[in-house]
Amino acid sequence: MRSVFTTILASILCLSQGWVLCEAVSINSTSFNNEAITVAVTDTSSTCADPNLTITYFQGYSHTGTAHTIASLGAFVNEADNAGSFGIQNSIFRAWPAVQPGTVILYELQNSGTAGDVDFMFLQANADGSLPSSTGYTLQSQVIYVYPTQICGSVPLYAMYKDSQTDHYYSIDPTDPARMVQYGYQSQGIVAYVLPLSCGCS
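For reference, each letter of the sequence shown is one residue, going 2 to 203 in our numbering.
There's no promise every hint is true.
Said to hold, decoys possible - Cross-link-like lysine to aspartate or glutamate pairs, in silico, DMTMM-like; alpha carbons within 25 Å at most:
1) Lys163 to Asp177
2) Lys163 to Asp118
3) Lys163 to Asp174
Said to hold, decoys possible - Label-pair distances were calculated between CB atoms; the ranges are:
4) Pro197 to Gly137: 29 to 35 Å
5) Pro98 to Asp177: 23 to 29 Å
6) Gly88 to Ile56: 16 to 22 Å
7) Gln151 to Gln187: 18 to 24 Å
For the record, the hints were derived by calculation from the structure and aren't laboratory data.
In this text the structure is predicted, and so the values were computed from the model without any measurement.
Glycine residues also receive a C-beta, built at the ideal position from the N, C-alpha and C atoms.
Turn these sequences into a full structure, and let the hints steer you where they fit.
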């Protein structure tokens, strides 16, 4: 059973290019299967978030689940400690584990496939601020704070999808959407803007 408890901390000032701009942060707390889900509409002004508060996010792959996912190093270590099947492939980008000026939430969704057909998808909230959704997928507890537009030294995070394997793959390399076609992946465009692993961001 899904339960939702909503606390509004700020009034919505306006809508601009499909993003909700707020004086402060509006937060919804939602539980799915007893896991807390943070739902926030954040300040999307042009103010840059502090790059010193970012952490590195890694991409991992599960051979048993034939799936890629993105998580912090600590999340992968915890998953391994609990007999998980994911192995880290590479560090991919930097972003924020908590709300920062100018950021929005990148949500993690997981499909309800069998052990051999698992997939993880990352999406921002809908233009009206509602939770993202996709048929067969449920929201997970992990949230990553990212930029909704390319500001403050950020770069695009590209999504690719392989239908035959039910697998999403993510990269900040602008050549990957075309290069991965030979491996059966199709581009799904830009899902967010993140910081590269090294940059003079300020």
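These are the hints, each one checked on the structure:
Using a Cα cut-off of 25 Å, the hinted pair Lys163 and Asp177 holds, with the two alpha carbons roughly 13 Å apart. Using a Cα cut-off of 25 Å, the hinted pair Lys163 and Asp118 holds, with the two alpha carbons roughly 12 Å apart. Between Lys163 and Asp174, the direct Cα distance comes to roughly 18 Å. Compliance with the 25 Å bound is thereby established for this hinted pair. Range check, Pro197 to Gly137: Cβ separation about 32 Å, and the 29 to 35 Å hint holds.
A beta carbon spacing of about 25 Å between Pro98 and Asp177 agrees with the range 23 to 29 Å that was offered as a hint. Remark: the range hint 16 to 22 Å for Gly88 to Ile56 is upheld by a beta-carbon distance near 20 Å. Look at Gln151 against Gln187: about 23 Å separates their beta carbons, and that is inside 18 to 24 Å.
When held up to the earlier numbered hints, the structure conflicts with none and fits them all.
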